Amino acid sequence: MNVFFGLIVLAGFCAIMAVRAGRLLHSALWLAGVSVAVALLLFLIGATIMAVIELSLSVGLITILLVFAISMVGADSPDQPVSRWLNIPAVAALLLLIIGLTIPLLGTQTSAAEISFSDVFWQQRLADVVAQIAMIFAGVLGVLGLLAETDNRQPTQKQVIEQTQPEPKPKSTVIEAEPELERI
Amino acid sequence: MTPLHIVLVGAFLLLVVGLYGLLVIRNLIKIVIAIQIMVKGAMLALVVAGGLNGQLQLGQSLALTVITADTIVAIIGLALAISHSAAHRVTGC
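Line by line, the protein sequences give chains A and B. Those letters in the first sequence? Residues 1077 to 1260, per the numbering used here, in order. Those letters in the second sequence? Residues 51 to 143, per the numbering used here, in order.
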């Protein structure tokens, strides 16, 4: 039980630090900490497959993507958090409300006949698999479209060279007089 | 209180912290991070709900769908942030 409490405190602390961190890179690293704590919790409650997927996707892929995006955007992007006095009391009240409404209604843990994850995923939830494939395709096409729009908006190399080079002087049509030679 | 109930409270805590982040943050990349925190809470709650009903594998399967959608949302959100930043740099406004 203490391990569960410790991991939840760790996840909550990392989440708050991710929200309150001043720099984007620090936020990304604190988010990786949240993912590690969540993966450990999933492993301890017996969801080993989700723990591995959470570790590889969230800690690996999402952190790398965030670091890449931060390097493209600039680590010093301005962030002025909006502070209103109502924020913290409102979310604290929401948390207490959710806990008060759900925890007393939950019964004790029941045990049913265990079906393997592969049977559930590939047979019972096949529609979910198809939906995931469609979402991945949609996501890839969306990202390609967004980044192609970004490329079109940026000036090409030829345009940059033309802007930096000085304009050539127009050729003069007046014949300049030859300078007189000094008589020795 | 069983360990699953404790983990469920932790899931709600993550959900609420993510919501607090969405209320106070204005930077687009940090908004993506706040959404990620919320979805981790939701995913944890799904797995715990499956565990409480004796159908942990079903909960894992549903959580896998959620995490796939969440990853795609994060990727598109970050692409939007990069696109917005590039437009900001080109137009100078």
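Check each hint, because a few of them may be wrong.
[Said to hold, decoys possible] Reference listing, derived: stretches of chain A covered by chain B, where coverage requires no fewer than 3 residues with Cβ under 8 Å from a Cβ of chain B:
no.	region
1	1077 to 1090
2	1098 to 1109
3	1112 to 1121
4	1167 to 1176
5	1193 to 1205
These aren't lab readings, by the way, just hints derived from the structure by calculation. Predicted model only: the values in this text are computed from it and were never measured. A virtual CB, placed ideally from N, CA and C, is assigned to each residue, including glycine.
Status of each hint after checking the structure:
1. 1077 to 1090: Contact hint for the region 1077 to 1090 of chain A vs chain B: holds, 7 residues under 8 Å.
2. 1098 to 1109: holds (count 4)
3. 1112 to 1121: holds (count 5)
4. 1167 to 1176: holds (count 6)
5. 1193 to 1205: That given contact holds, which follows from 7 residues of the region 1193 to 1205 of chain A lying within Cβ reach (below 8 Å) of chain B.
This entry satisfies every hint, going by the numbered hints stated previously.
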